[in-house]
Amino acid sequence: MKEENNLQGKTSRLLYFMSELEKGHKVNKTDYLKRFNIAERTFKDDLRELKENLKVLRDDMKIKYSRLAGTYEAEYNHGYGNLKYNQAVILSKILLESRALRVE
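Numbering (full-length UniProt numbering), first residue to last: 1 to 104.
Wrong hints could be hidden among the right ones.
Now the in silico label distances, taken between C-beta atoms and shown as ranges [to be verified]:
#1 Leu95 / Ser19: 35 to 41 Å
#2 Glu40 / Leu96: 19 to 25 Å
#3 Tyr65 / Glu97: 33 to 39 Å
#4 Glu52 / Thr30: 22 to 28 Å
Derived by calculation from the structure, the hints in this document are not laboratory data. Here a beta-carbon is modelled for each residue, glycine too, at the ideal position from N, C-alpha and C.
Turn these sequences into a full structure, and let the hints guide you.
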């Protein structure tokens with residue numbers, strides 16, 4: 001039973017971490033530790049597992065750490081110039097809906 005709760009807790013933590021990165025938010029290590037009431041070692045394990053999963057699931061996405069801010073954020077390796085993926089998608093939708101790219 002305890003192992004099952006542990007697994008659900010880990011799954012929840014990893015989903016939270018990943019969803020925050022996908023939204024373009026920065027994940028503060030201290031806030032993460034407090035939010036889930038976990039030890040630093042557990043955080044390191046979560047981060048390691050998330051990075052391993054990203055190699056398989058999202059090879060275009062890396063997790064970057066800022067020592068100055070103490071936060072983690074997503075870094076994407078695709079050709080959208082200075083735009084992040086979600087910014088490129090939003091811009092594309094705006095252009096398509098405004099018919100600025102209409103072919104006559």
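Hints versus structure:
no.	hint	result
1	Leu95 / Ser19: 35 to 41 Å	violated (27 Å)
2	Glu40 / Leu96: 19 to 25 Å	violated (46 Å)
3	Tyr65 / Glu97: 33 to 39 Å	holds (37 Å)
4	Glu52 / Thr30: 22 to 28 Å	holds (24 Å)
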